[in-house]
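2 protein chains.
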Amino acid sequence: MTGVNFTPFFEPKSVAIIGASRSPGKPGYLVISNLKANGYEGRIYPVNPHAQEIMGYRAYASVADIPEAPDVAVILVPAAATVEAVRDCVRKGVKAAVIESGGFTEVDDNGAALERELVQMAGKGGMRIIGPNTSGLISTPGRFITTFYPLGKVRRGNVAYLAQTGNFATHTMRWILSAENFGVSRVVGLGNKCDIDDADVVEFFGEDPDTGVICMYIEGFKDGKRFIEAAKKVSRKKPMIALMGGMTARGSKAVFSHTASLGASNPALIEGIFKQAGVVSVHRYTDLIDSAKALAFQPLPAGGRVGVVVPSGGMGVLAADACVRLGLTVADLAQATLKRIQDVSEPWIRIGNPVDIWSAIQTHSLEEGYRVAMEALLDDPGVDALVTILVLNSDNPKPDLEFIPKFRDRNPGKPVLIGISGDKESFDETKKTLEGQSVPVYLPVEGACEALAIMRRCSLSVHPGERRKTDAVPIR
Amino acid sequence: MTGVNFTPFFEPKSVAIIGASRSPGKPGYLVISNLKANGYEGRIYPVNPHAQEIMGYRAYASVADIPEAPDVAVILVPAAATVEAVRDCVRKGVKAAVIESGGFTEVDDNGAALERELVQMAGKGGMRIIGPNTSGLISTPGRFITTFYPLGKVRRGNVAYLAQTGNFATHTMRWILSAENFGVSRVVGLGNKCDIDDADVVEFFGEDPDTGVICMYIEGFKDGKRFIEAAKKVSRKKPMIALMGGMTARGSKAVFSHTASLGASNPALIEGIFKQAGVVSVHRYTDLIDSAKALAFQPLPAGGRVGVVVPSGGMGVLAADACVRLGLTVADLAQATLKRIQDVSEPWIRIGNPVDIWSAIQTHSLEEGYRVAMEALLDDPGVDALVTILVLNSDNPKPDLEFIPKFRDRNPGKPVLIGISGDKESFDETKKTLEGQSVPVYLPVEGACEALAIMRRCSLSVHPGERRKTDAVPIR
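If you read the protein sequences in the order shown, they are chains Y and S.
Under numbering that gives the first Met the number 0, the first residue of the first sequence is numbered 0, with each subsequent residue one higher.
Under numbering that gives the first Met the number 0, the first residue of the second sequence is numbered 0, with each subsequent residue one higher.
One should not assume that every hint holds.
With a cut-off of at most 27 Å between alpha-carbon atoms, the simulated BS3-like pairs for lysine-lysine come out as follows [to be verified]: (1) S:Lys405 <-> S:Lys431; (2) S:Lys152 <-> Y:Lys152; (3) Y:Lys405 <-> Y:Lys430; (4) Y:Lys152 <-> Y:Lys123; (5) Y:Lys423 <-> S:Lys152; (6) Y:Lys423 <-> Y:Lys397; (7) Y:Lys152 <-> S:Lys430; (8) S:Lys405 <-> Y:Lys430; (9) S:Lys397 <-> Y:Lys152; (10) Y:Lys224 <-> Y:Lys274; (11) Y:Lys430 <-> S:Lys430.
Among the chain Y residues that face chain S by a calculated CB cut under 10 Å, a handful are [said to hold, decoys possible]: (12) Tyr39; (13) Asn47; (14) His49; (15) Ala50; (16) Pro149; (17) Lys152; (18) Gly250; (19) Ser251; (20) Ala253; (21) Asp342; (22) Leu377; (23) Pro380; (24) Asn395; (25) Leu400; (26) Phe402; (27) Leu442.
Hints are computed from structural coordinates only; laboratory data are not their basis.
Ideal Cβ positions, reconstructed from N, Cα and C, are used throughout, including at glycine.
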């Protein structure tokens with residue numbers, strides 16, 4: 000099952016929408032409106048026996064009537080009608096299909112039989128399938144999208160999502176687009192994985208120049224050994240993080256009715272697979288967003304020694320606790336580093352790590368206090384990464400934080416993650432500004448430490464020579 | 000040290016601000032502007048030898064000149080000047096002082112000596128001290144506040160914060176006021192705890208009719224045994240959750256330079272103290288906000304059996320995993336419950352718990368699908384609590400979710416927690432609407448489960464007969 004040609008999936012020159020619709024809100028309408036919103040430049044062939052034209056595109060009664068063999072077919076018709084659709088596609092010479100319809104193995108034995116029939120038919124015709132039972136895929140470099148959830152233009156970036164659920168190509172992507180500021184390269188919801196599976200996509204992501212970070216949600220492996228082989232090669236080059244669904248007996252039971260996978264009947268086995276594959280296992284859905292952001296924006300750290308700057312002693316205590324609990328180290332600072340910060344603080348303040356910047360802010364200014372401390376920490380050879388917490392509120396003049404994004408050039412190879420407390424307005428605004436310049440922002444106290452801990456674990460897999468390459472793609 | 004009279008601290012009829020200032024932005028100015036913003040109705044006496052009048056209040060050169068003994072003194076002068084200030088207060092007959100100045104035991108031996116001197120002086124005069132090295136306190140029922148951080152009007156509610164750090168009375172409160180929708184009764188930052196300590200405040204909170212939920216951040220116990228005795232009585236009546244700072248060696252080191260506490264040199268001992276005291280130990284700073292909200296808004300569950308409604312199979316898998324991982328149980332539903340939901344779903348859908356509501360939404364409407372499923376689950380005697388995840392986006396007509404807050408009357412004693420995915424605009428708006436009606440809202444998938452798991456742990460301490468009383472105070 001190796002060596003899938005993903006070009007028709009991710010960069011198709013033409014697409015058939017089988018089950019296209021003129022009714023706004025229907026899946027067959029939304030796929031086309033998403034394609035338009037994303038500026039898809041290929042040829043769009045809506046297939047609907049009851050329409051002459053859909054959204055300005057000539058509609059066809061059947062795939063057979065389309066004047067070419069489209070690169071890819073998106074199949075949205077009910078399960079019972081998919082057999083005919085797939086047969087038509089194979090006859091036409093279509094080489095790639097995204098079957099989004101549900102009602103297969105995840106439902107009952109009849110559905111399972113139907114799914115097997117599709118696979119057999121496609122196999123004979125050399126057509127590869129993503130799905131069924133999924134919202135399909137997004138490819139920003141190809142300006143291509145098969146999702147039936149209203150997304151509008153998807154922000155381009157270097158993060159790829161590979162999920163067994165449609166959530167990432169739908170409402171979670173909507174959340175990322177509206178609440179976060181990083182972009183994606185490719186998003187694939189594999190659904191029941193009747194043909195193309197995780198290992199296939201991982202291989203592709205490994206070679207994909209547009210993908211720098213790989214985030215996965217998995218509900219089961221068809222072939223764990225093949226996944227390990229594929230991921231092992233890729234995780235040396237690009238950070239890979241994964242959330243496994245069905246790690247508990249009850250979750251595993253839910254997995255079957257979701258995507259007909261067997262779930263993680265043996266959690267230790269799954270953790271073993273991830274470990275061998277160099278994939279960092281995470282445990283919260285939000286980790287797949289929060290740490291994706293850090294990995295998208297910042298370089299991987301060379302080690303786990305963290306410099307911390309905080310505006311209050313209490314936050315220092317908790318940030319230190321969080322670092323240690325998460326497997327990071329609170330860096331021991333060089334005397335010269337301590338002196339640089341002591342020089343801008345009141346003499347009776349005892350500077351340590353975490354650095355309590357309160358005194359320096361009072362004596363100088365917020366900008367000066369933070370700049371001096373952050374520079375000093377980043378210059379210290381004993382510091383691999385920086386977590387900084389700021390308190391901002393909209394009553395005060397907006398501080399000029401432009402020095403923070405510049406650390407990327409000043410101290411390359413040392414990630415900087417920011418936490419912000421204060422009022423929501425300042426948080427939202429500063430998050431947007433800093434993340435627009437590739438500095439990830441979190442709520443205090445633990446958020447930034449949690450994301451950094453995942454980065455650190457990724458850096459243990461990614462080969463040092465590859466580290467810089469993972470973040471080459473700008474957000475568009 | 001028991002039996003502190005907290006009335007002068009929380010409901011003072013008059014207050015002296017020693018170190019009052021005419022300069023906007025200075026602590027001595029901000030305390031007064033906060034008092035004004037909160038509608039403090041008592042008498043305000045600014046003390047400043049260089050001012051005639053501050054913000055419309057007559058200023059006094061010294062406490063001695065004030066025409067009465069103020070109920071409480073807020074001391075903001077530098078450490079070296081606090082001795083004179085405390086001496087003046089004692090002479091005047093002041094019985095309560097909030098010393099906010101830093102520069103004491105947390106700094107060096109001289110500071111420690113100074114702190115001891117203050118305690119001795121106050122002790123002889125029968126004056127009690129909160130602090131030093133803190134931002135002091137907030138009391139919404141007393142419309143009283145000693146904080147020097149610009150907060151404006153603080154929302155009244157039933158959550159009390161007891162912290163060893165000033166963070167909760169400052170920027171974290173600003174976050175709660177601007178990003179969350181629950182209110183507080185009392186907030187106390189104890190700082191160095193030279194006199195009044197956790198046990199004293201816990202005793203008061205236990206009897207305080209305005210306080211229904213007690214959240215703590217602690218960096219060390221002066222007297223663990225006394226804390227256990229006090230908390231044991233209170234945790235039978237009101238949920239108590241605590242985050243301990245300094246649970247790692249590095250965090251513990253940071254504790255000393257923060258509030259001169261010895262930190263949790265022995266984490267197992269601390270966990271033992273919390274366990275004996277019936278206090279639920281939490282590990283993230285955000286838990287002190289996220290679970291406070293659930294405890295503020297919803298009744299404690301009678302058990303840990305959770306009904307889950309989700310809009311996608313993947314979310315069901317992860318919610319089930321989260322419940323089990325967090326010590327909750329995914330409820331086994333009665334046949335009658337399953338049938339009620341099956342009746343609104345397509346026949347080929349297999350209804351289980353988590354309930355995948357997708358089919359019912361498609362067949363009926365979002366409102367109808369969710370309402371039927373949530374009602375069925377709440378009516379099931381095998382379900383103690385409900386977690387429901389909604390997907391909303393601003394392209395669709397805004398759903399009428401008014402049926403959700405009504406479950407509070409329909410099924411009292413069963414908490415309902417909501418997760419929302421989709422776009423940020425819908426999230427922010429629906430969060431505000433639902434939380435305005437005491438339904439807590441989180442990001443999916445784990446957020447609501449994490450808050451519920453903490454509620455469940457609280458319910459193991461709180462006596463069943465007391466459960467309803469914990470949430471008696473409306474938000475204002």
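Here is what the structure says about each hint:
1. A threshold of 27 Å between alpha carbons decides the hint, and for lysine 405 of chain S with lysine 431 of chain S the separation of about 16 Å falls inside it, so the pair holds.
2. A hinted pair counts as satisfied when its Cα atoms are at most 27 Å apart, and lysine 152 of chain S with lysine 152 of chain Y does not qualify at roughly 41 Å.
3. The suggested pairing of lysine 405 of chain Y with lysine 430 of chain Y holds, with an alpha-carbon distance near 16 Å, which does not exceed 27 Å.
4. Among the hinted pairs, lysine 152 of chain Y with lysine 123 of chain Y is inconsistent with the structure: their alpha-carbon atoms are about 36 Å apart, more than 27 Å.
5. This hinted pair checks out: lysine 423 of chain Y and lysine 152 of chain S have alpha carbons roughly 16 Å apart, not beyond 27 Å.
6. For the suggested pair lysine 423 of chain Y and lysine 397 of chain Y, the alpha carbons sit about 14 Å apart, so the restraint of at most 27 Å is met.
7. The suggested pairing of lysine 152 of chain Y with lysine 430 of chain S holds, with an alpha-carbon distance near 25 Å, which does not exceed 27 Å.
8. With a CA separation close to 36 Å, the supplied pair lysine 405 of chain S and lysine 430 of chain Y exceeds the 27 Å bound.
9. Straight-line distance between C-alpha atoms of lysine 397 of chain S and lysine 152 of chain Y comes to about 22 Å, which keeps the hinted pair within the 27 Å bound.
10. Distance check on the hinted pair: lysine 224 of chain Y and lysine 274 of chain Y sit about 12 Å apart at the alpha-carbon level, within 27 Å; holds.
11. Distance hint between lysine 430 of chain Y and lysine 430 of chain S is fulfilled; the C-alpha atoms sit about 20 Å from each other, no more than 27 Å.
12. Among the interface hints, the one on tyrosine 39 of chain Y is violated; its C-beta lies about 19 Å from the nearest C-beta in chain S, farther than the 10 Å criterion.
13. Against a cut-off of 10 Å between C-beta atoms, the interface hint on asparagine 47 of chain Y is violated, since the closest Cβ of chain S lies about 20 Å away.
14. With its C-beta approaching chain S no nearer than about 21 Å, histidine 49 of chain Y sits outside the 10 Å limit, and its interface hint is violated.
15. A cut of 10 Å between beta carbons decides the hint on alanine 50 of chain Y: the least distance to chain S is about 22 Å, and the hint is violated.
16. Against a cut-off of 10 Å between C-beta atoms, the interface hint on proline 149 of chain Y holds, since the closest Cβ of chain S lies about 5 Å away.
17. With 10 Å as the threshold, the beta carbon of lysine 152 of chain Y stays out of range of chain S, its nearest partner Cβ sitting at about 13 Å, so the hint is violated.
18. Interface hint at glycine 250 of chain Y: satisfied, since its Cβ lies 4 Å from the closest Cβ of chain S, which is below the 10 Å cut-off.
19. With a least beta-carbon distance of about 8 Å to chain S, the hint placing serine 251 of chain Y at the interface is held under the 10 Å criterion.
20. With 10 Å as the threshold, the beta carbon of alanine 253 of chain Y comes within range of chain S, its nearest partner Cβ sitting at about 4 Å, so the hint holds.
21. Because the beta carbon of aspartate 342 of chain Y sits about 18 Å from the nearest beta carbon in chain S, more than 10 Å, this interface hint is broken.
22. Given the 10 Å rule on beta carbons, the hint for leucine 377 of chain Y is violated: about 20 Å separates it from the nearest Cβ of chain S.
23. At a threshold of 10 Å, the smallest CB-CB gap from proline 380 of chain Y to chain S is about 20 Å, leaving the interface hint violated.
24. Satisfaction of the interface hint for asparagine 395 of chain Y is found here, the shortest Cβ-Cβ separation to chain S being roughly 8 Å, below the 10 Å cut-off.
25. Violation of the interface hint for leucine 400 of chain Y is found here, the shortest Cβ-Cβ separation to chain S being roughly 16 Å, above the 10 Å cut-off.
26. Interface hint at phenylalanine 402 of chain Y: violated, since its Cβ lies 21 Å from the closest Cβ of chain S, which is beyond the 10 Å cut-off.
27. The restraint placing leucine 442 of chain Y at the interface with chain S holds, with a minimum CB-CB distance near 6 Å, inside the 10 Å limit.
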